[in-house]
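Residue numbers (the working numbering), protein chains in the order written: chain H, 2 to 592; chain A, 2 to 592.
Think of the hints as simulated: they come from the structure by calculation, not from any bench.
Treat the hints with care, as some may be off.
Remember, identical chains collapse to one label, so a pair may be satisfied in a single copy or spanning two.
For lysine-lysine, the following DSS-like pairs were computed, each having C-alpha atoms within a straight-line distance of at most 27 Å [claimed, not checked]:
hint: 1; residue 1: Lys10; residue 2: Lys492
hint: 2; residue 1: Lys62; residue 2: Lys255
hint: 3; residue 1: Lys255; residue 2: Lys492
hint: 4; residue 1: Lys62; residue 2: Lys179
hint: 5; residue 1: Lys282; residue 2: Lys334
hint: 6; residue 1: Lys146; residue 2: Lys492
hint: 7; residue 1: Lys467; residue 2: Lys571
hint: 8; residue 1: Lys179; residue 2: Lys334
hint: 9; residue 1: Lys146; residue 2: Lys334
hint: 10; residue 1: Lys84; residue 2: Lys571
hint: 11; residue 1: Lys474; residue 2: Lys457
hint: 12; residue 1: Lys467; residue 2: Lys492
2 protein chains.
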Amino acid sequence: MPSYTPPTKDQQFILHNVLNISKMDIPGFADLDRDFTGAVLSEAGKLASEVLAPLNAVGDKQGCSLKDGVVCTPDGFKAAYTKMSEGGWMSMDLAEEYGGQGLPYIMHTAAMEPMVSANMAFNMYPGLTHGNISAIVTHGTDAQKAMYLPKMATGKWSGTMNLTEPHCGTDLGLMRTKAMPQNDGTYRVSGQKIWISAGEHDLSENIIHLVLAKIPGGPDGVRGISLFIVPKFIINDDGSVGARNALSCGGLEKKMGIHGNATCVMNYDGATGYLIGEMHKGMRAMFTMMNEARLGVGLQGYAQGAVAYENALGFARDRLQGRAVTGVESPEKPADPIIVHPDVRRNLMDQKSFVEGARALTYWGATLMDRSNKNDDEEAEALISLITPVIKGFLTDKGFETCVLAQQTLGGSGFTQEWGLEQFVRDARITMIYEGTNGIQALDLVGRKLGLNGGKTVIAFFEMIKTYVADNKADEEFKANFLEPLQEASKDLQAAAMYFMQNMKNPNDALSGSYDFMHMMGHVCLGFMWTKMGRASMDALAAGDTDTDFHNSKIATGHYYMSRQLPATKMHLSRINTGGNTVMALDAAQF
Amino acid sequence: MPSYTPPTKDQQFILHNVLNISKMDIPGFADLDRDFTGAVLSEAGKLASEVLAPLNAVGDKQGCSLKDGVVCTPDGFKAAYTKMSEGGWMSMDLAEEYGGQGLPYIMHTAAMEPMVSANMAFNMYPGLTHGNISAIVTHGTDAQKAMYLPKMATGKWSGTMNLTEPHCGTDLGLMRTKAMPQNDGTYRVSGQKIWISAGEHDLSENIIHLVLAKIPGGPDGVRGISLFIVPKFIINDDGSVGARNALSCGGLEKKMGIHGNATCVMNYDGATGYLIGEMHKGMRAMFTMMNEARLGVGLQGYAQGAVAYENALGFARDRLQGRAVTGVESPEKPADPIIVHPDVRRNLMDQKSFVEGARALTYWGATLMDRSNKNDDEEAEALISLITPVIKGFLTDKGFETCVLAQQTLGGSGFTQEWGLEQFVRDARITMIYEGTNGIQALDLVGRKLGLNGGKTVIAFFEMIKTYVADNKADEEFKANFLEPLQEASKDLQAAAMYFMQNMKNPNDALSGSYDFMHMMGHVCLGFMWTKMGRASMDALAAGDTDTDFHNSKIATGHYYMSRQLPATKMHLSRINTGGNTVMALDAAQF
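Using the sequences and the hints given, assemble the complete structure.
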């Protein structure tokens with residue numbers, strides 16, 4: 002069975018040395034000192050490693066089962082769910098008036114990471130509930146908030162998102178699910194939704210479905226979509242659970258991974274639903290969940306990479322095979338540990354430098370969410386909006402790749418179920434697909450986000466890097482190893498953005514390069530994070546921090562990323578510059 | 002269930018338009034005219050698509066089971082094995098005197114491709130037998146050949162390779178399995194071997210294990226390893242099957258994929274074995290199997306990519322979602338097929354351009370094997386030796402990546418078992434690991450093959466490209482779209498080789514870049530193949546070939562590869578040029 006050790010020290014480094022969160026001018030952040038976050042994160046890590054991690058392989062092997070409309074989750078999930086609920090982990094960032102702890106989103110994000118690493122399939126149950134809570138907080142009436150939030154805050158009730166239909170995934174305008182208005186102000190919701198994660202299960206007393214549907218007579222396409230609260234059990238006036246609603250789970254998908262999470266076909270047969278948010282403005286409400294979900298999925302991507310890397314590293318230190326090419330390193334053993342071999346290290350450094358950079362990017366993104374929500378900071382809102390598709394798309398592509406690299410470190414053992422690496426690969430694979438495939442993220446980035454605020458947001462992103470470089474170039478070594486590669490990569494990214502602007506007249510030219518642009522921007526973001534981490538470690542050493550191994554490792558890993566990963570931007574740029582001609586050359590029939 | 006259509010037309014294009022095999026000066030090649038190869042390949046394709054493909058998902062779901070030492074293969078495997086045997090497919094390239102058909106290796110390679118695409122796990126049973134046959138042909142005595150080959154030629158007996166032990170994978174010098182010499186000239190073989198594909202099963206009357214073991218008193222390390230024939234049942238003097246030998250299957254691995262193939266723990270408890278080849282020279286004999294197996298694994302990589310691509314293409318043509326960004330294309334439908342979207346096409350073109358390029362490289366490699374074996378052509382032998390790690394490492398990395406891309410084309414459907422794409426991903430994953438992990442291939446390439454014949458072989462490789470460019474530069478469009486990108490990429494590869502030569506004093510500098518070099522060389526090889534394919538199609542069109550869609554598609558796909566894939570060489574080169582410092586910077590404890 003794979004091991005899992007929470008990355009508390011690395012998390013603290015990012016929160017305090019790099020982001021310096023307790024000094025951020027955001028309500029509630031002053032309380033987030035090193036002791037407080039350390040206590041929270043070590044408790045979260047304990048739950049993750051002691052309770053959730055041991056259930057990961059169990060969930061994969063047993064999966065979920067459907068019998069007479071009831072879904073059974075794997076052995077141990079119910080008890081773990083109760084423990085998580087009792088610890089108050091499900092609603093750390095919900096206002097105290099609704100039963101939450103009123104902490105910033107960054108704390109929720111950081112606390113969730115170890116749980117996702119330990120057991121991604123399990124964590125989707127509370128994870129979806131969290132997104133659901135956010136939608137109700139933002140778009141629900143006071144009565145709706147009072148009715149649902151306290152019960153969901155404890156996990157007593159859980160939540161889902163219902164978007165997809167068999168003929169309608171990305172293109173929600175094709176939606177067929179209908180909501181017929183009733184005289185009492187409720188709606189009767191009818192239709193079939195598919196791929197509903199946590200759609201039915203035995204973990205909570207009630208399941209609060211948020212369902213996209215069309216009210217007949219409304220506008221065509223996505224402009225006619227509304228969002229409805231459709232609970233599994235109707236709620237009585239006293240808040241207790243009443244009659245079963247007219248909805249049911251019609252089947253479970255058999256999937257490549259995340260077997261522990263029930264992926265349901267949901268049938269709504271005139272189920273009672275309650276409009277949430279404005280009529281026909283359901284897409285807006287849906288995007289509240291969706292944007293949060295996309296950040297959460299980005300986290301899933303690198304969090305699977307993180308646990309996979311931990312196990313690859315352990316294997317590489319233990320497995321004796323061959324001798325170092327520069328001379329025997331462990332003469333007392335029959336062979337040297339494989340970590341001595343350059344290509345094994347190259348593989349490990351790729352994993353390490355990605356995981357740690359991705360963690361920093363995700364946490365920084367979470368602080369932007371807090372700045373946006375708590376300070377009504379429009380600049381922060383625009384910036385997180387710009388980088389959300391990068392966090393989702395790049396971190397999941399590379400997170401999956403990291404799992405594959407980690408599996409490769411183990412050689413044949415990586416292919417066996419016994420070592421558990423292959424499960425990380427299978428589980429991580431979904432992150433590139435759900436909440437909008439990564440192709441859709443790239444389209445969102447190039448087609449919508451680059452033009453946000455008339456292009457001012459992306460310009461501000463470039464300015465931020467430029468300013469950082471200008472402010473920090475005094476140190477020659479730092480300049481050569483970090484700032485110059487960052488500047489170079491950022492210039493490539495600007496050149497690509499320029500290419501898109503100059504070729505707007507043929508959208509195929511821009512969109513043929515969208516995926517490359519997303520990856521390029523991902524590298525620039527991670528390069529920026531590594532620059533900040535490198536600086537933070539240099540500063541710590543200069544200030545007399547005695548944990549020299551830790552900080553030297555950060556500096557060296559950052560240097561690795563800058564010199565061996567950032568050169569990818571040139572490749573992406575030259576692809577982008579070829580435009581759409583070769584991409585669109587063939588007729589569909591000619592393929 | 003996924004579809005499978007054999008690529009007969011593409012195969013014929015490569016064999017005849019590109020390689021012009023019937024004009025090659027190799028014994029037997031004159032018979033390989035278009036009609037003959039077309040007849041063979043369409044029969045092979047029929048067997049693959051009608052018999053093997055329908056068993057692929059069955060094999061995955063059922064897997065193999067072990068009970069009382071007996072392994073049961075999935076339903077239908079036995080009947081399919083019999084059909085394959087009756088068709089003479091198992092030994093096409095074995096001499097007729099031993100029951101084969103005496104055809105060149107290129108025909109075996111081309112005929113196997115559809116079978117591997119259709120059902121990789123199944124095809125490993127005859128595939129391993131084939132490698133085993135080659136070892137006996139090359140290293141066996143006349144008596145051994147007469148005893149084993151005719152039975153193996155028909156598949157009545159099958160074969161395996163036994164290398165790995167629990168503590169000894171890549172580092173065969175650590176081997177513990179012993180072979181004690183007996184007075185009658187036989188040996189008693191004792192030890193445990195793991196990960197033995199097709200080690201035990203119910204498809205053949207006997208299983209001929211080739212087992213690496215050490216004869217006590219021999220040299221230490223790999224120099225003291227010998228190869229033994231250890232049959233499951235001892236063979237009587239009249240060639241019939243006699244008593245059970247002292248060996249048994251001790252367990253089956255549970256794996257990520259290739260469930261239809263039995264991966265066995267094999268226990269040898271004083272089993273009777275017969276030395277094959279010279280005493281203590283077992284590694285040499287083993288490499289006969291291994292080199293062939295590596296080419297076969299490269300084929301597996303792209304063959305899984307090929308069937309995955311076929312299914313991605315079908316989905317992209319059928320699935321209606323969204324509208325083309327340049328205007329509605331199918332106004333009569335509720336949405337356009339997703340193949341209209343630039344990023345979907347980018348994804349499909351990546352798949353297509355890889356699969357078709359990889360097929361050409363593999364077939365060209367097979368003709369080099371024939372030139373080497375049938376003409377005793379040392380230049381061809383050196384060249385195939387140079388590119389074998391590239392075929393194995395690059396084609397399996399990219400083959401797996403192609404399966405992942407194809408899965409991505411299907412969005413959520415790609416993650417479900419129902420559509421079958423996820424099986425291709427899981428099955429393809431092993432190809433990057435077995436027969437020497439791809440890291441080992443990169444080490445072989447940079448550490449051994451670059452220096453082959455004092456570096457003359459790699460220089461000949463570069464000269465071959467240079468000569469081709471010089472001979473074909475008259476056509477301006479061809480020059481711009483194919484020759485110049487090829488030349489550029491080839492220069493990058495030379496610069497990398499030069500870096501290694503100049504930094505020999507610190508082997509870590511070279512080996513830190515070995516993986517990048519392997520990929521770089523893979524791109525140059527595929528770029529060379531696309532250049533030849535592009536030229537062949539231009540020539541066909543100029544000569545009045547009326548299949549303009551086919552040839553224009555080849556030219557456009559080649560142009561795509563040259564302009565969008567070859568730029569990767571610059572990225573790899575800049576990584577290589579950073580040397581080993583950042584790779585080797587950390588102590589093992591500092592990670």
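Hint by hint, here is what the structure shows:
1. When the C-alpha separation of Lys10 and Lys492 is checked against a cutoff of 27 Å, the pair qualifies neither within a copy, at 33 Å, nor between copies, at 45 Å.
2. For the homomeric pair Lys62 and Lys255, the shortest alpha-carbon distances inside one copy (12 Å) and between copies (12 Å) are both at most 27 Å.
3. For the homomeric pair Lys255 and Lys492, neither the shortest alpha-carbon distance inside one copy (45 Å) nor that between copies (48 Å) is at most 27 Å.
4. For the homomeric pair Lys62 and Lys179, neither the shortest alpha-carbon distance inside one copy (37 Å) nor that between copies (38 Å) is at most 27 Å.
5. Within a single copy, Lys282 and Lys334 get their C-alpha atoms only as close as 68 Å, which misses the 27 Å cut-off; across copies the closest is 26 Å, which meets it.
6. In this assembly of identical chains, Lys146 and Lys492 lie within 27 Å of each other by CA distance neither inside one copy nor across copies; the values are 47 Å within and 65 Å between.
7. Within a single copy, Lys467 and Lys571 get their C-alpha atoms as close as 19 Å, and across copies as close as 26 Å, so both meet the 27 Å cut-off.
8. In this homomeric assembly, Lys179 and Lys334 come within 27 Å of each other (Cα to Cα) only across copies, at 21 Å, whereas the closest approach inside a single copy is 70 Å.
9. Proximity of Lys146 and Lys334 under a CA criterion of 27 Å is satisfied in neither setting, with 64 Å inside one chain copy and 42 Å between copies.
10. Neither within a single protomer nor between protomers do Lys84 and Lys571 lie at most 27 Å apart by alpha-carbon distance, with minima of 49 Å and 52 Å respectively.
11. In this homomeric assembly, Lys474 and Lys457 come within 27 Å of each other (Cα to Cα) only inside a single copy, at 26 Å, whereas the closest approach across copies is 47 Å.
12. Taking identical chains as interchangeable, the C-alpha atoms of Lys467 and Lys492 lie at most 27 Å apart only when both belong to the same chain, with a minimum of 10 Å there against 34 Å between chains.
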